[in-house]
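Here are the chains, one letter per residue:
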Amino acid sequence: MSRDKILTAAKQNKPALVALPEMATFAVAGTDLVAAFTASITKAGGAATVLGNLLELPAKIKEGWPDAKRVANFIHGDSSTNESLLKEVALLDLVVLKGQLGVAENGAIWLTNKDCVERVLPFITQHLVLVIDKQTLVGNMHQAYEVMGKQNPDYGVFIAGPSKTADIEQSLVIGAHGPRSLQVFIIE
Amino acid sequence: MRVALFIPCYVDQFYPKVAIATLRLLQHLDLDVHYPMQQTCCGQPMANGGFEHLTGSCNSNFIKAFAGYDYIVSPSGSCVLHVKDHLHDDKQEAAATTIRHKVYELCEFLTDIVQVKSIKASFPKKVALHQGCHGQRGLKLASSTETVVPFFSKPLQLLKMVEGLELVDLDRPDECCGFGGTFCVTEEAVSSAMGLSRIDDYTKHQATVITGTDMSCLMHQEGLIRRKKLPFEVMHISEVLIAGL
Amino acid sequence: MSTHNIPHPEAATAFLKDKERVQWHDETLWFVRYKRDKIVNEIPEWEQLRELASQIKDHTLSRLDEYLQEFEAAAISNGVTVHWAADAAEHNRIVHGIMAKHGAQKIVKSKSMLTEECHLNEYLEAQGIEVVDTDLGERIVQLNKEMPSHIVLPAIHIKKEEVGEIFHQHLGTEKGASDPLYLALAAREHLRQKFLAADIAITGVNFAIAETGAIVVCTNEGNADLGAHLAKVHIACMGIEKLIPRTEHLSVFLRMLARNATGQNITAYSSHFRKPAAGSEMHIVIVDNGRTTQLGREAFRNSLKCIRCGACLNTCPVYRRSGGHSYHNATAGPIGAILAPNLDMRKNADLPFASTLCGSCTDVCPVKIDIHNQLYQWRQVLTQEGYVPAAKTASMKVMASVLSSPARYTFAGKWARKFLRWFPSLALNKKLNPWARQRDLPEPPKESFREWYRKQASGK
Numbered sequence: 001m002s003r004d005k006i007l008t009a010a011k012q013n014k015p016a017l018v019a020l021p022e023m024a025t026f027a028v029a030g031t032d033l034v035a036a037f038t039a040s041i042t043k044a045g046g047a048a049t050v051l052g053n054l055l056e057l058p059a060k061i062k063e064g065w066p067d068a069k070r071v072a073n074f075i076h077g078d079s080s081t082n083e084s085l086l087k088e089v090a091l092l093d094l095v096v097l098k099g100q101l102g103v104a105e106n107g108a109i110w111l112t113n114k115d116c117v118e119r120v121l122p123f124i125t126q127h128l129v130l131v132i133d134k135q136t137l138v139g140n141m142h143q144a145y146e147v148m149g150k151q152n153p154d155y156g157v158f159i160a161g162p163s164k165t166a167d168i169e170q171s172l173v174i175g176a177h178g179p180r181s182l183q184v185f186i187i188e
Numbered sequence: 001m002r003v004a005l006f007i008p009c010y011v012d013q014f015y016p017k018v019a020i021a022t023l024r025l026l027q028h029l030d031l032d033v034h035y036p037m038q039q040t041c042c043g044q045p046m047a048n049g050g051f052e053h054l055t056g057s058c059n060s061n062f063i064k065a066f067a068g069y070d071y072i073v074s075p076s077g078s079c080v081l082h083v084k085d086h087l088h089d090d091k092q093e094a095a096a097t098t099i100r101h102k103v104y105e106l107c108e109f110l111t112d113i114v115q116v117k118s119i120k121a122s123f124p125k126k127v128a129l130h131q132g133c134h135g136q137r138g139l140k141l142a143s144s145t146e147t148v149v150p151f152f153s154k155p156l157q158l159l160k161m162v163e164g165l166e167l168v169d170l171d172r173p174d175e176c177c178g179f180g181g182t183f184c185v186t187e188e189a190v191s192s193a194m195g196l197s198r199i200d201d202y203t204k205h206q207a208t209v210i211t212g213t214d215m216s217c218l219m220h221q222e223g224l225i226r227r228k229k230l231p232f233e234v235m236h237i238s239e240v241l242i243a244g245l
Numbered sequence: 001m002s003t004h005n006i007p008h009p010e011a012a013t014a015f016l017k018d019k020e021r022v023q024w025h026d027e028t029l030w031f032v033r034y035k036r037d038k039i040v041n042e043i044p045e046w047e048q049l050r051e052l053a054s055q056i057k058d059h060t061l062s063r064l065d066e067y068l069q070e071f072e073a074a075a076i077s078n079g080v081t082v083h084w085a086a087d088a089a090e091h092n093r094i095v096h097g098i099m100a101k102h103g104a105q106k107i108v109k110s111k112s113m114l115t116e117e118c119h120l121n122e123y124l125e126a127q128g129i130e131v132v133d134t135d136l137g138e139r140i141v142q143l144n145k146e147m148p149s150h151i152v153l154p155a156i157h158i159k160k161e162e163v164g165e166i167f168h169q170h171l172g173t174e175k176g177a178s179d180p181l182y183l184a185l186a187a188r189e190h191l192r193q194k195f196l197a198a199d200i201a202i203t204g205v206n207f208a209i210a211e212t213g214a215i216v217v218c219t220n221e222g223n224a225d226l227g228a229h230l231a232k233v234h235i236a237c238m239g240i241e242k243l244i245p246r247t248e249h250l251s252v253f254l255r256m257l258a259r260n261a262t263g264q265n266i267t268a269y270s271s272h273f274r275k276p277a278a279g280s281e282m283h284i285v286i287v288d289n290g291r292t293t294q295l296g297r298e299a300f301r302n303s304l305k306c307i308r309c310g311a312c313l314n315t316c317p318v319y320r321r322s323g324g325h326s327y328h329n330a331t332a333g334p335i336g337a338i339l340a341p342n343l344d345m346r347k348n349a350d351l352p353f354a355s356t357l358c359g360s361c362t363d364v365c366p367v368k369i370d371i372h373n374q375l376y377q378w379r380q381v382l383t384q385e386g387y388v389p390a391a392k393t394a395s396m397k398v399m400a401s402v403l404s405s406p407a408r409y410t411f412a413g414k415w416a417r418k419f420l421r422w423f424p425s426l427a428l429n430k431k432l433n434p435w436a437r438q439r440d441l442p443e444p445p446k447e448s449f450r451e452w453y454r455k456q457a458s459g460k
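Protein chains in written order, with this note's numbering: chain A, 1 to 188; chain B, 1 to 245; chain C, 1 to 460.
Hints are computed from structural coordinates only; laboratory data are not their basis. Just so we're clear, the structure is a prediction, and the values are computed from it rather than from any experiment. Check each hint, because a few of them may be wrong.
Listed below are the simulated DSS-like cross-link pairs for lysine-lysine, each with C-alpha atoms no more than 30 angstroms apart in a straight line [what the hints assert, rightly or not]:
1. Lys-126/B <-> Lys-38/C
2. Lys-275/C <-> Lys-69/A
3. Lys-228/B <-> Lys-431/C
4. Lys-43/A <-> Lys-35/C
5. Lys-64/B <-> Lys-455/C
6. Lys-305/C <-> Lys-5/A
7. Lys-140/B <-> Lys-35/C
8. Lys-228/B <-> Lys-17/C
9. Lys-102/B <-> Lys-38/C
10. Lys-64/B <-> Lys-414/C
11. Lys-160/B <-> Lys-38/C
12. Lys-87/A <-> Lys-106/C
13. Lys-229/B <-> Lys-17/C
14. Lys-19/C <-> Lys-228/B
15. Lys-17/B <-> Lys-414/C
16. Lys-19/C <-> Lys-17/B
17. Lys-160/C <-> Lys-43/A
18. Lys-455/C <-> Lys-120/B
19. Lys-455/C <-> Lys-102/B
20. Lys-140/B <-> Lys-414/C
21. Lys-368/C <-> Lys-43/A
22. Lys-19/C <-> Lys-204/B
23. Lys-392/C <-> Lys-91/B
24. Lys-228/B <-> Lys-430/C
25. Lys-446/C <-> Lys-228/B
26. Lys-414/C <-> Lys-228/B
27. Lys-431/C <-> Lys-229/B
28. Lys-204/B <-> Lys-305/C
29. Lys-305/C <-> Lys-11/A
30. Lys-14/A <-> Lys-368/C
31. Lys-98/A <-> Lys-232/C
32. Lys-114/A <-> Lys-368/C
33. Lys-275/C <-> Lys-98/A
34. Lys-38/C <-> Lys-134/A
35. Lys-43/A <-> Lys-38/C
36. Lys-14/A <-> Lys-347/C
37. Lys-275/C <-> Lys-102/B
Modelling step: build the complete structure from the supplied sequences, incorporating the hints.
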């Protein structure tokens, strides 16, 4: 059986034990996390805006995407509207989801399958809006995994920008197969 | 201290002026320098060609030639690296180990051991420094642009002591020139293309003199330069460091 | 499409005939290296991260069998089906087996160098199954019927006008179009249909977490996720060396991978797959294909730490000027040159010699693989195993004899110089002496240094 063959060979051929190193967090005190996060997400082709209050969000969505017809908003949206929109995910113009935390060093936002509602939503939509609370911002990935590393969700994803590619002569194109844009709202 | 001069085989045969410049430079610094006649070659061309197992007699000859000196100094980063990494002898490993710890490339010997603070050389020209890879990444003669470490360069440190010398900045300060030992003939097309890239860099930055720690790199680039009839002067760093003395 | 088996020097010479194109290829890849330098210099602890990443991988390899079992047990308890493939052929059979069981006809695949190594697409196509590579670069080379030339940037050797021609032929885009945005949008529409219609999605694995049985896939395009979440069956293919012990270790690798690969902070998506969604199936195929053999090679086991960032390719002055196809393997460049001989020494004996041993690859490697040292060590192994031409062995033996004796060496040197002085045109003959194709020879001096020194000493 291949399984046994492989495991036996691995056991036989592996080197002498090397100790597992201690992890470090490389945390930097005093960083302006909102500024750093905004800079990172902008660099990746996305955008970040601070809102004083979650109640400002609906108006911002209307303002930002006036032409979007099929909008699945899982923060303020109507649940029966969303239910019927989910029947044809391929036609979604805009999806609005809540993220668990944001990472300043790279603009990454963590969502689990529960946050995504359906796993495909953050990918199939033409445009994506993610909302995070300001106090969930952390400096770097080590700090992020300290917060979510033990969650063990069925599925989780760090989303750090709109989808993109540079596979045609290294020319950057935003909006490869996934969303053409990512707007992050950071709620104070 | 008794210093032995280790002259690369191809420098001995084809670029004696480099060996003479190295000798003169060390004598100028009041060092007791000897040239052991027993020496031949460090064995690198065979080892890099996959024939390290044939270098035994080269190794024992090297140990024989250089036993009993305080320092062994060579105007070649790659030869010194080879000795440091690969000098072994089943019958006299202790002697081999001693020598591995005493062998130095010229620039590092001057900055680290002699701790030269000034050189009375004068060389008022625009100079491009070719940082030979084995010396740079192997012997750590200078930091490499790939690593996130504070910048340092022993050859540069010495060149800065030379009056009137203007060092040019390069687009790719530490890209390999393409010599690589037998690589220069077994992969001739790539080797020449790599050398020509370096030369384009020097041309772009208007250098008039090319210098470096390894005559092998310089010999390869000079070959390309002469074929293209370009007006560069090519000199080993030892020759620059005694200019005008 | 199989890899042509032209030895590297010949393939490189052919590649270098188009000087303008090589300059473009070299500069494009150097720019990726430049972007990498810029971003890693923003991380003061970069060199510490390299050390940490290296040690985590070293540790993992030293307990590989245990971590593989831990991973399998966790994955199974997550409802994932785990398969084991000893070699490429078995991997292909297993993947096909899953498809046959589901009667699957339409497959989408995101980037997986392992599946390239196993020539999976060829195998499946021979069974009448359509596999669509969804990574844009992979799709381009797939349509063009060639292998990727870079592990991260598969179509780096192709110009936009050529992409335009490929898309015109296969996707119906306008003839002569070369605008990357126009072409990428055409690919978006074309591939979206493939995602929506796919029965099965195949992905690679960037990292496999032993403690949870989860796998992590990193993309910028989102194609791995679109495939895996829309199809009913997700097959993830991984080499045994993709394991890391714990979830928290991902922080180190996710900080390093994209920065080192393309000079971006992180890929747009870093997806952690642990359990299939309700109503879906997830399979993981764990592949050996020579990896346990490499594990047993003391000088070369380090190469298994590779996280496939591609930085060694970008920095390699030889790779940039010879192109990925000249390495005649799925994985090209410096890392390819130390992995491939393990699989087939005869076929890949040229690769470790396609290098000047400059050491730049070792310096950029995020997990501190001593690549250039392994290139040197492979040269010794290949020579001892007899994969070097007899003529070379003969001339090396002569060289060893000459260079170990002062008398023979002095004699040889003197006559070499005389020869050059008396027969310069013979020495400069391009057919006899490859050196002379583009280079002049040094002026042979009358006296060697030791002759001069001896005269000086006796003159005193």
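Structure-based check of each hint:
1. Lys-126/B <-> Lys-38/C: Status holds; Cα separation ~28 angstroms.
2. Lys-275/C <-> Lys-69/A: violated (33 angstroms)
3. Lys-228/B <-> Lys-431/C: holds (19 angstroms)
4. Lys-43/A <-> Lys-35/C: Holds - the C-alpha atoms of Lys-35/C and Lys-43/A are around 13 angstroms apart, at most 30 angstroms.
5. Lys-64/B <-> Lys-455/C: Status holds; Cα separation ~23 angstroms.
6. Lys-305/C <-> Lys-5/A: Holds: Lys-305/C and Lys-5/A sit about 21 angstroms apart, inside 30 angstroms.
7. Lys-140/B <-> Lys-35/C: Within the cut-off at roughly 24 angstroms; holds.
8. Lys-228/B <-> Lys-17/C: Cα-Cα ~18 angstroms, so holds.
9. Lys-102/B <-> Lys-38/C: violated (38 angstroms)
10. Lys-64/B <-> Lys-414/C: holds (23 angstroms)
11. Lys-160/B <-> Lys-38/C: holds (27 angstroms)
12. Lys-87/A <-> Lys-106/C: holds (22 angstroms)
13. Lys-229/B <-> Lys-17/C: Holds, at about 22 angstroms.
14. Lys-19/C <-> Lys-228/B: holds (16 angstroms)
15. Lys-17/B <-> Lys-414/C: Distance of about 16 angstroms is within 30 angstroms: holds.
16. Lys-19/C <-> Lys-17/B: violated (36 angstroms)
17. Lys-160/C <-> Lys-43/A: Judged against 30 angstroms, a Cα distance of about 24 angstroms means the pair holds.
18. Lys-455/C <-> Lys-120/B: holds (28 angstroms)
19. Lys-455/C <-> Lys-102/B: holds (28 angstroms)
20. Lys-140/B <-> Lys-414/C: violated (35 angstroms)
21. Lys-368/C <-> Lys-43/A: Measuring from Cα to Cα gives roughly 28 angstroms; hence the hint holds.
22. Lys-19/C <-> Lys-204/B: holds (18 angstroms)
23. Lys-392/C <-> Lys-91/B: holds (28 angstroms)
24. Lys-228/B <-> Lys-430/C: At roughly 16 angstroms apart (the allowed maximum being 30 angstroms), Lys-430/C and Lys-228/B satisfy the hint.
25. Lys-446/C <-> Lys-228/B: holds (25 angstroms)
26. Lys-414/C <-> Lys-228/B: holds (28 angstroms)
27. Lys-431/C <-> Lys-229/B: holds (22 angstroms)
28. Lys-204/B <-> Lys-305/C: violated (40 angstroms)
29. Lys-305/C <-> Lys-11/A: holds (17 angstroms)
30. Lys-14/A <-> Lys-368/C: This hinted pair holds, its Cα atoms lying about 18 angstroms apart.
31. Lys-98/A <-> Lys-232/C: holds (26 angstroms)
32. Lys-114/A <-> Lys-368/C: violated (38 angstroms)
33. Lys-275/C <-> Lys-98/A: Distance of about 22 angstroms is within 30 angstroms: holds.
34. Lys-38/C <-> Lys-134/A: holds (29 angstroms)
35. Lys-43/A <-> Lys-38/C: holds (14 angstroms)
36. Lys-14/A <-> Lys-347/C: With Cα atoms ~26 angstroms apart, Lys-14/A and Lys-347/C stay inside 30 angstroms; holds.
37. Lys-275/C <-> Lys-102/B: violated (60 angstroms)
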